[in-house]
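S.K.: Each chain is listed here by its residues.
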Amino acid sequence: MKRFMRVAAHLALACAVLPSIAEAADDVADLRAEFQALKTEYASRVGLLEARIEQLESAPTPIAAQVAQHQHAAGDSHSSASAFNPAISLILGGSYTDVSQDPGTWRIAGFMPSGGEVGPGKQSFNLGESELTFAASVDPYFSATMTAAITGENEIEVEEAFFRSTALPSGFTVKGGRFFSGFGYLNEVHSHAWDFADQPLVYQAFFGNQQKQDGLQLKWIAPADLFVEVGAEAGNGQAFPGTRRSHNGLNGETLFAHLGGDLGASTSWRAGVFWLEQQAEDRSYEDVNEFDEPVTNAFTGKSSTWGVDAILKWTPQGSVGRRQLKVQGEYMHRREDGELTFDTEGLGLNDAYRSEQSGWYLQSVFQFRPRWRAGLRYDSLDSGSPSIALVDDGALPPEAFPVLLHADPDRVSVMLDWSPSEFSRLRAQYAWDEARADGEHDRQFRLQYLYGIGAHGAHKY
Amino acid sequence: MRIFTRGAAALLILLACGPAQATVKILATTADWGALATELGGDRVSVYVATNAMQDVHRVDAKPSLVARARTADLVFATGAELEIGWLPVLVQESGNPRIQPGAAGYFEAAAGLNLLEVPSRLDRSLGDIHPQGNPHLQLDPHNIALIAKALTSRLAMLDAGNATYYQQRGSDFDTRWAQAIAHWEAKAAPLKGLPVVVMHRDQAYLCHWLGLLEVAAIEPKPGVPPSAGYLGQLVSKLSASPPRLILLNAYNDAKAANWLSERVHVPVVTLPFSVGGTAEAKDLFGLFDDTVNRLLAVIQ
Chain P
1 MKRFMRVAAH
11 LALACAVLPS
21 IAEAADDVAD
31 LRAEFQALKT
41 EYASRVGLLE
51 ARIEQLESAP
61 TPIAAQVAQH
71 QHAAGDSHSS
81 ASAFNPAISL
91 ILGGSYTDVS
101 QDPGTWRIAG
111 FMPSGGEVGP
121 GKQSFNLGES
131 ELTFAASVDP
141 YFSATMTAAI
151 TGENEIEVEE
161 AFFRSTALPS
171 GFTVKGGRFF
181 SGFGYLNEVH
191 SHAWDFADQP
201 LVYQAFFGNQ
211 QKQDGLQLKW
221 IAPADLFVEV
231 GAEAGNGQAF
241 PGTRRSHNGL
251 NGETLFAHLG
261 GDLGASTSWR
271 AGVFWLEQQA
281 EDRSYEDVNE
291 FDEPVTNAFT
301 GKSSTWGVDA
311 ILKWTPQGSV
321 GRRQLKVQGE
331 YMHRREDGEL
341 TFDTEGLGLN
351 DAYRSEQSGW
361 YLQSVFQFRP
371 RWRAGLRYDS
381 LDSGSPSIAL
391 VDDGALPPEA
401 FPVLLHADPD
411 RVSVMLDWSP
421 SEFSRLRAQY
431 AWDEARADGE
441 HDRQFRLQYL
451 YGIGAHGAHK
461 Y
Chain V
1 MRIFTRGAAA
11 LLILLACGPA
21 QATVKILATT
31 ADWGALATEL
41 GGDRVSVYVA
51 TNAMQDVHRV
61 DAKPSLVARA
71 RTADLVFATG
81 AELEIGWLPV
91 LVQESGNPRI
101 QPGAAGYFEA
111 AAGLNLLEVP
121 SRLDRSLGDI
131 HPQGNPHLQL
141 DPHNIALIAK
151 ALTSRLAMLD
161 AGNATYYQQR
171 GSDFDTRWAQ
181 AIAHWEAKAA
191 PLKGLPVVVM
201 HRDQAYLCHW
211 LGLLEVAAIE
221 PKPGVPPSAG
231 YLGQLVSKLS
241 ASPPRLILLN
251 AYNDAKAANW
261 LSERVHVPVV
271 TLPFSVGGTA
281 EAKDLFGLFD
291 DTVNRLLAVI
301 Q
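Sequence lines, in order, name chains P and V.
If you count by the working numbering, then the first sequence holds residues 1 to 461, one letter each, in order.
If you count by the working numbering, then the second sequence holds residues 1 to 301, one letter each, in order.
Hint data in this document are derived by calculation from the structure and do not stem from the laboratory.
This list has only true hints and no planted wrong ones.
Across the chosen pairs, the derived CB separations fall in these ranges:
| no. | chain 1 | residue 1 | chain 2 | residue 2 | range |
| --- | --- | --- | --- | --- | --- |
| 1 | V | Glu-281 | P | Thr-151 | 55 to 63 Å |
| 2 | V | Val-119 | P | Thr-105 | 54 to 62 Å |
| 3 | P | Asn-248 | V | Ser-121 | 53 to 61 Å |
| 4 | P | Tyr-141 | V | Glu-281 | 41 to 49 Å |
| 5 | V | Val-299 | P | Arg-369 | 27 to 35 Å |
| 6 | P | Ile-453 | V | Ser-242 | 35 to 43 Å |
| 7 | P | Pro-402 | V | Asp-254 | 53 to 61 Å |
| 8 | P | Pro-103 | V | Asn-259 | 47 to 55 Å |
Quick list of in silico lysine-lysine cross-link-like pairs, DSSO-like style, CA-CA up to 27 Å:
| no. | chain 1 | residue 1 | chain 2 | residue 2 |
| --- | --- | --- | --- | --- |
| 9 | P | Lys-460 | V | Lys-25 |
| 10 | V | Lys-256 | P | Lys-326 |
| 11 | V | Lys-25 | V | Lys-283 |
| 12 | V | Lys-222 | V | Lys-193 |
| 13 | V | Lys-238 | V | Lys-256 |
| 14 | V | Lys-188 | V | Lys-150 |
Keep in mind it's a predicted model, so treat the numbers as computed, not measured.
Beta carbons are placed, not taken as given, at the ideal position from N, Cα and C, and that holds for glycine.
Isolated chain P (complex conformation):
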């Protein structure tokens, strides 16, 4: 400040001196010298000042001040408590279903039922799940998300409720709570973002649509131009195919890795591998014995699943809203090793059991013009032929386990959807279902609607 005053004083002096030059012709030389001296001093002081200003300007401004400045300028500073309300979004879904077989008796041939809301669903009009999501940052270190699914049967289910770290260094993210496991491609995708009205058969048979458990996830992304993601999860192992809760520590473990990148400006891809291990304890299922009488059987043992997933998207010039071709597929293989109890409430026969089962799907969705997409999907499962010691030893005939008889279920589905905007979608889907345990051919027609209101959600790849 002092320097400014001094410069100002010199300036004032210079101004005062200037007119006198014209008047005092005698002292011109003297004055000129004095003026020159002043000018030099003035120049050097200005130079100094400039240097000071530059120094000050280049010094870093505290980030808090900068951010505050920006927010102030944007004019959106709130003072009410509601300003901290989380982002809320609500997805409404529903369908009209027309099937040629009773959906109540639909069951995938050759596979122990996975529980879950699998199959073609109920006939006629149905309210689907209404997904209510709340999300916000907790503090500078964590964010939190909860999605509650309110079902058409008037039940509220916590679909996901998790915290996620935002401040861990080196590409690590920790997630905890209840969440869809990060393996594969479709497992993490919420139902409203599926490209078909239902999940592929392999997801229905292996996980009852989607695998989620209460637990922790650690994920790491490599510092490379190629997308490399590695994740590990540990959970309570409660979700199918696991059932175990009567142990401390880890009851269900998952490992997964994804690679991804671009092939030119229009094509992107991602591929992955995964492995899951769960423990089942008295995982019961309904069957009938060789005399067609209902029995309850149960499996206890280890269930391990591995699989691969891949997706390729071709988007001419990257314009998502206009034209896009998606091709994706996943393959899974499951081995279960343990003991099978026949008729838990009656005979209670128990002996070794081992099965190797697999399944895959391949689907393609083509956005052929803005708002319109068409899709084709093929599903295939191989139930394998389990080795059941009770049968091999001759204690029971193979017909005592109809659910476990070998089968190769498959299904073809086609769909057409129309999305008037980013927030609404109407879909028609037709499926030729050859998966039913009773061997009947099922033809399933479905009309579906999806509407999103509230916060604009961001979609994963």
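Chain P is fixed; fit chain V onto it per the hints.
M.R.: Below, chain V without anything else, positioned relative to chain P:
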């Protein structure tokens, strides 16, 4: 358990291989921000642009390659005002990179600190794809670019304090050249003032505002809502009564509706680059405005 230990060991090895960088790595959401970051950062920054001029930046896939870039970025340079809301939050969230989280020094939004046009007084999606904070297509007013350049210069100086003087110099050099260029464009484009035009979407609002072009109609009835045949019919009768001089089209737009209208009302369509890279001439920010002004003038002369 053994698998977990092995996995952890593999992770550590990969971690140790992480490359060391000397430059500030910038992930720019659009080619315009990429160009500005290069103007201001020179050889002290390395810039990766997430989209190209032919893309609708509102609708982009959160591709794995972009997550990978977000992971290593020191600075995310976005438009803000919810333009990138459908994909950028996913990149930032999935990146595992604390430097670029919103609120951190490495997260920069161009719209912050600007007075945006068309801040809606009513928020309702029946009005189409509206943005609560105002129209986010702000790059087509060069005065905005000047303000963003100042803010970005101080952000770069803060992130890379060792090169602060370098950024300040480049910043003031750009500021001078840009001010001269604006004066040149404004003088040249003076005849465009008050020219009645038809726009495609709300994304030309800043250009019209800057050059004083008079928007008489939009081909999209509401932002993000494609025109119906009925609406286009109404537009033809309305425009035939008082014809505009030009129909403005962006390079990334589908030209169908604009050409259809052009034939009916006998008004030429002028395709503007909209973004750096939108035309062969729009190689950088200077080229973007040179070409925009030239193309507008060429049609009316």
